[in-house]
Amino acid sequence: MGLPGQFFGSAEEFLAAYRPNSHSVACVVVDMRLPGMDGLALQQRLASQGCDLPVIFITAFPETSIAVEGMRKGAVDFLIKPFPMERLLETLEEAFQKSRRSQQNEALRQHLSTILQTLTFRERQVLTHLLKGTEVKQIARQLFIAPKTVLKHRLHLFEKFGLSNAVELVQMIHQAGLEEQILAEVSSGNLV
Numbered sequence: 250m251g252l253p254g255q256f257f258g259s260a261e262e263f264l265a266a267y268r269p270n271s272h273s274v275a276c277v278v279v280d281m282r283l284p285g286m287d288g289l290a291l292q293q294r295l296a297s298q299g300c301d302l303p304v305i306f307i308t309a310f311p312e313t314s315i316a317v318e319g320m321r322k323g324a325v326d327f328l329i330k331p332f333p334m335e336r337l338l339e340t341l342e343e344a345f346q347k348s349r350r351s352q353q354n355e356a357l358r359q360h361l362s363t364i365l366q367t368l369t370f371r372e373r374q375v376l377t378h379l380l381k382g383t384e385v386k387q388i389a390r391q392l393f394i395a396p397k398t399v400l401k402h403r404l405h406l407f408e409k410f411g412l413s414n415a416v417e418l419v420q421m422i423h424q425a426g427l428e429e430q431i432l433a434e435v436s437s438g439n440l441v
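With this note's numbering applied, the sequence shown covers 250 to 441.
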C-alpha cells in the first residue's frame, strides 16, 4: 500500500502521540484487549474528540456484543485472529477509502461554509426553503415576496455555489453534512 505505519504499546500512548492531520489518509488498527484503555474505549474517546479516523478492531477473543457495539459506532471491520493477510489488506483499503471520503467531505464542508457566509439574509431564507423541498410559489407566499424574486434569489444561489439547479444544490449541502445546521437556523429563530 505504500503508506507508513506507526505502532503504539497502548491506547494511551497512541492518544498522547496522535495529532490530527486532515491532509493525511489514516486509520487505526486496534486490539480489543489492551492494557489500560481497551479498543472500544479508544474508539469512543476518538469520537468524543471529533476524530473520525476509521477504526479496525482485531481480537483473539471474539465477543458478539462487543463486536456489534464497535460496528454500530462505525468500525470498518472486526477481524478475529488469526486472519489471512489478504483480509487485513482489504480491510485497510476500505478504511483508507473511508478516510479519503471523510477528507473530501470536510474540504467540501469548509468550502460551502465559506460560501454560506457570503449569502444575503434573503438568499439564506430561500436556501432553507429549498432544503425543505418547498416550491417557488410557496416560498414566495411564506416570505411575502413575488415568485420572480424567489427565482432571482435562487439563481444567485446557483451562481454562488457554481451549480445549475436546486437538486444539485440540495445534494451538495446534504453530502457536506450542512443541511441540519442550515435548517437549525430556522428553528432557532434566525430565519423565517
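Do not rely on the hints blindly, as some may be mistaken.
[Stated by the list, open to error] With a Cα cut of at most 30 angstroms, we get these calculated DSS-like pairs of lysine-lysine:
| id | residue 1 | residue 2 |
| --- | --- | --- |
| 1 | K347 | K397 |
| 2 | K381 | K397 |
| 3 | K381 | K322 |
| 4 | K347 | K386 |
| 5 | K397 | K409 |
| 6 | K381 | K401 |
| 7 | K401 | K386 |
| 8 | K397 | K386 |
| 9 | K330 | K347 |
| 10 | K347 | K409 |
| 11 | K409 | K381 |
| 12 | K386 | K409 |
[As the list claims (entries may be wrong)] The calculated label-pair distances, taken between Cβ atoms and stated as ranges, are:
| id | residue 1 | residue 2 | range |
| --- | --- | --- | --- |
| 13 | E355 | E262 | 24 to 32 angstroms |
| 14 | Q298 | F370 | 14 to 22 angstroms |
| 15 | K401 | K381 | 42 to 50 angstroms |
| 16 | L337 | T363 | 13 to 21 angstroms |
Hints listed in this document are in silico derivations from the structure and should not be mistaken for laboratory results. Using N, Cα and C, we set each Cβ at its ideal position, and we do this for glycine too.
Evaluation of the provided hints:
Taken as a hint, the K347 and K397 pair is broken in the structure, with Cα atoms around 43 angstroms apart against an allowance of 30 angstroms. Taking the CA atoms of K381 and K397, the gap is near 19 angstroms; set against the 30 angstroms cutoff, the hint holds. Between the alpha carbons of K381 and K322 the distance comes to roughly 29 angstroms, so the proposed pair stays at or under 30 angstroms and holds. The straight-line distance between the Cα atoms of K347 and K386 is roughly 41 angstroms, outside the 30 angstroms bound, and the hint therefore fails.
Between K397 and K409 the CA atoms are separated by roughly 18 angstroms; this keeps the pair inside 30 angstroms, and the hint holds. Among the hinted pairs, K381 with K401 is consistent with the structure: their alpha-carbon atoms are about 19 angstroms apart, no more than 30 angstroms. Only pairs whose Cα atoms come within 30 angstroms are accepted, and K401 paired with K386 is accepted, the gap being roughly 13 angstroms. Note on K397 and K386: the hinted pairing holds, with a Cα-Cα distance of about 9 angstroms set against a maximum of 30 angstroms.
At most 30 angstroms may separate the alpha-carbon atoms for a hinted pair to count; K330 and K347 meet this at roughly 23 angstroms. A hinted pair counts as satisfied when its Cα atoms are at most 30 angstroms apart, and K347 with K409 qualifies at roughly 29 angstroms. A distance of roughly 20 angstroms separates the Cα atoms of K409 and K381; the hinted pair therefore holds under the 30 angstroms criterion. The straight-line distance between the Cα atoms of K386 and K409 is roughly 22 angstroms, inside the 30 angstroms bound, and the hint therefore holds.
The beta-carbon spacing between E355 and E262, approximately 26 angstroms, falls within the hinted interval of 24 to 32 angstroms. Judged by the Cβ atoms, the range 14 to 22 angstroms given for Q298 and F370 is violated: they are separated by roughly 35 angstroms. Separation of K401 from K381 is about 20 angstroms and departs from the stated range, judged on CB atoms against 42 to 50 angstroms. The given range of 13 to 21 angstroms is broken by L337 and T363, whose C-beta atoms sit roughly 39 angstroms from each other.
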